[in-house]
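Based on the hints, put chain B in the right spot on chain A.
2 protein chains.
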Amino acid sequence: MTTITRVEAQDIRFPTSRELDGSDAMNAAPDYSATYVILHTDSGLEGHGLTFTIGRGNDICVAAVNAMASQLEGLTLEEITADMGRFWRDQTSGDSQLRWLGPEKGVMHLACAAMINAVWDLWAKQEGKPLWKLLVDMSPEALVRCLDFRFVSDALTPEEALALLKRLQDSRHEREAELKAHGYPAYTTSAGWLGYSEEKMRQLCREALAEGWEHFKQKVGGNLEDDRRRAAILREEIGEHRTLMMDANQVWDVDEAITQMRSLAEFNPHWIEEPTSPDDILGHAEIRRRLQGFGGVQGIGVATGEHCHNRVMFKQLMQAGAIDYCQLDSARLGGLNEVIMVLLLAAKFDIPVCPHGGGVGLCEYTQHIAMFDYIAVSGNLEGRLLEYVDHLHDHFIDPVRIKTGHYLVPEAPGYSITMKPESLARHRYPDGEVWQEA
Amino acid sequence: MTTITRVEAQDIRFPTSRELDGSDAMNAAPDYSATYVILHTDSGLEGHGLTFTIGRGNDICVAAVNAMASQLEGLTLEEITADMGRFWRDQTSGDSQLRWLGPEKGVMHLACAAMINAVWDLWAKQEGKPLWKLLVDMSPEALVRCLDFRFVSDALTPEEALALLKRLQDSRHEREAELKAHGYPAYTTSAGWLGYSEEKMRQLCREALAEGWEHFKQKVGGNLEDDRRRAAILREEIGEHRTLMMDANQVWDVDEAITQMRSLAEFNPHWIEEPTSPDDILGHAEIRRRLQGFGGVQGIGVATGEHCHNRVMFKQLMQAGAIDYCQLDSARLGGLNEVIMVLLLAAKFDIPVCPHGGGVGLCEYTQHIAMFDYIAVSGNLEGRLLEYVDHLHDHFIDPVRIKTGHYLVPEAPGYSITMKPESLARHRYPDGEVWQEA
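As given, the protein sequences belong to chains A and B, one line each in that order.
According to my numbering, the residues represented by the first sequence are 1 to 438, in order.
According to my numbering, the residues represented by the second sequence are 439 to 876, in order.
Isolated chain A (complex conformation) (with noise of 0.2 Å):
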């Protein structure tokens, strides 16, 4: 037995702002930032899991965990797994006066996001396992149990989940192999950030194709003559044939995101992330019906997820018709059991998964989470690809691994997001030596 005996978290903050690192047409200087969660237990064994912020407000997320804490506490984590989903509905929304702050979104959500990713990986750790090989070698009918279909059982029913997921066990073990052969198919976002000079975008573009890269991510929606500027210039070094996507990081309406795609389309955008408001679900419905026609054979698909608070959200996107891609956030979500369910209605909406990455550990997470989709819940790559940007990962002990555009199947047990005592000690906002220097 396992019991968990303490909850600590920690205010974790790197100044990227500095350099404009991550820097779009919403999110003009973030700091990228984590709510690094730690479980204590008695045996020795930690659990790490972080929420993602970019700054400022992220001593919120960290008090919202601190409000929780006493709710995992004492807990065993063989009682936890026994019946995951009823623990995942308990800490999400079990707490009735917790959950007038939400319900399931904001900050709450986030913080128990940190949470819940924490106690996987303490289990995937306590397994030795990969967190997705823990997945992988868990049953259908285990991974069922793991789930919450409140709200979205008029989309999905447990029954057909457990279908879903039984087409694919025979076969799980193909793609295994596959994978640990060729890797995951990724795109990198690291050359076309908006705060960046064309020197700087050129230079990027350049080492990546050196590097294999293959599909390339430009942020627009600052202004259309400068976006179309730097897509001409992103277009010159990558080709025609590669991959561009856009991303607009919500900062259009409804129809200002039709006109400006419409004039982007030359470019033949892969896609349009972010287009408008999160909650917009009639709106991206809209965006995509009106962009039928443009850009290019494929068109122009429409995506969003970074922001998408929680599965009742998803499932309206998918049954609208709103969406080409799925961008879930291994962190905005309600940890990984949230994640699972929207991998299940993508799978039965066949919509492709491409969650999001960036920012501090979300590319750590989101390796297990794509290799564990295509092993186990959609078996297949087509229209796949994982967001890599190559910030911040020498923080981290089980660092991603990326070769030539793709991501190497992690090895060692949990999760992948316990970060180096050292980077804690360093960044913790704002006592650590970071911080005290600025």
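The set of hints was computed from the structure by calculation and includes no laboratory data.
Here a beta-carbon is modelled for each residue, glycine too, at the ideal position from N, C-alpha and C.
A hint or two may mislead.
Each pair of labels, with its calculated beta carbon distance range [said to hold, decoys possible]:
1. Glu-437/A - Lys-604/B: 35 to 41 Å
2. Glu-457/B - Ser-70/A: 21 to 27 Å
3. Gly-195/A - Ala-466/B: 56 to 62 Å
4. Gly-512/B - Trp-435/A: 20 to 26 Å
Covered, in the sense of this in silico footprint (three residues per stretch, anywhere, with C-beta under 8 Å from a C-beta of chain B), are these stretches of chain A [stated by the list, open to error]:
5. 28 to 34
6. 95 to 105
7. 280 to 290
8. 306 to 315
Frame of chain A, contents of chain B only:
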């Protein structure tokens, strides 16, 4: 010039769970609470505002106010009111780092509501008018300048908003006089809480009938037989021709809501409130569609809104034909500016607004909203009923006044939300007397 010198946030909680006041299917034992904001100024005037929570986590909202306080401190009221739309936008999502924690939802948006409403209270006090009258005396142009059309311009443009307001401008005085003579029609929730015994329900019903109430709300969603038994009791007490609403507080999935309400249809409910997840726009549309033909001549209306977190969600509920009644919450939307936007959307879509009351101070807020709506926005009382719950009013300096089932027009300057200093002191958590005794 009036300069905001300091933003003070207090954690105020009432131990309502001791009596099961406010108990329903989702919120079993709330302690009605307020994140209470005082804007101190150099003129001696104070602006008061609050957001409502139900207990645990109220401290997280207080932390959120403190995180945003510096954006307000140092501003003059005149700077703010000169371009209130811009102020609102900057306050709710102008800080891109804080925006990540929402955007425009959850803890951060609740905290914004308290601060924004406090600014309106200050403005109304400075003008020496009750808030509704401040609004009614503003020109259509000035009102539109208070709004942020981001993400709703596909449903309502500034020009359309202006036209809606101009339509009723010349006849405002007639409806103002009418409200002063007759008050605004209301319904009571006080008899129907889930935790109350049959005896207590009957007694409260009889008292309410004696006071002239015509419209009653019952909490449902416990179990069907209980719901039916309690509906029968209420119908027995109030008769066939008075209004009975039902409120499930989000406990059902979509199909379940339909089944349950078809069974409860024989009690002729006027509406079913919060039948499922507040995020489920398409789910509400489906429920509404599949309840057609049930529940007598008028049918069963679908109502929701107290957990609807922003204008983008309300826009879609209306675009999707998902609701018959809009129950906006004065402290969950980002304060009065966003409330006015939702009133205008509702007017355009011809949907009656019946704001969510109860909690701490919500009735005090909503009387101003409903009266402004009638006088200047909808010009219509048909289908409009303002919720009334008779808890905690005695803690306010200028509490609501009710006469034969109607709200009387508030007369004191401000937004009626200022609490008595002794109430604040006694209920401050955790150091106030009430909590020290517990």
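Inset, instruction - Just tell me: holds or violated, for the beta carbon distance of Gly-195/A and Ala-466/B against 56 to 62 Å? - result: violated (49 Å)
Inset, instruction - Given that the segment 306 to 315 of chain A was listed as covered by chain B, double-check it with a C-beta distance under 8 Å for 3 or more residues. - result: Per the Cβ count (6), the hint holds.
Legend entry - Distance restraint evaluation - Gly-512/B, Trp-435/A, Cβ atoms, bounds 20 to 26 Å: holds (24 Å)
Inset, instruction - With a C-beta cutoff of 8 Å, work out whether three or more residues of the segment 280 to 290 of chain A approach chain B closely enough for the coverage to hold. - result: holds (count 5)
Inset, instruction - Starting from the range 21 to 27 Å, see whether the pair Glu-457/B and Ser-70/A falls in it by beta-carbon distance. - result: holds (25 Å)
Legend entry - Coverage criterion applied to the segment 28 to 34 of chain A (partner chain B; beta-carbon cut 8 Å; 3 residues): holds (count 4)
Legend entry - Proximity test - 8 Å, beta-carbon atoms, the segment 95 to 105 of chain A to chain B, at least three hits: holds (count 11)
Inset, instruction - Hint says 35 to 41 Å; check whether the CB-CB distance for Glu-437/A and Lys-604/B agrees. - result: Check failed, 58 Å falls outside 35 to 41 Å.
Checked against the numbered hints given earlier, this structure breaks hints 1, 3; the rest are met.
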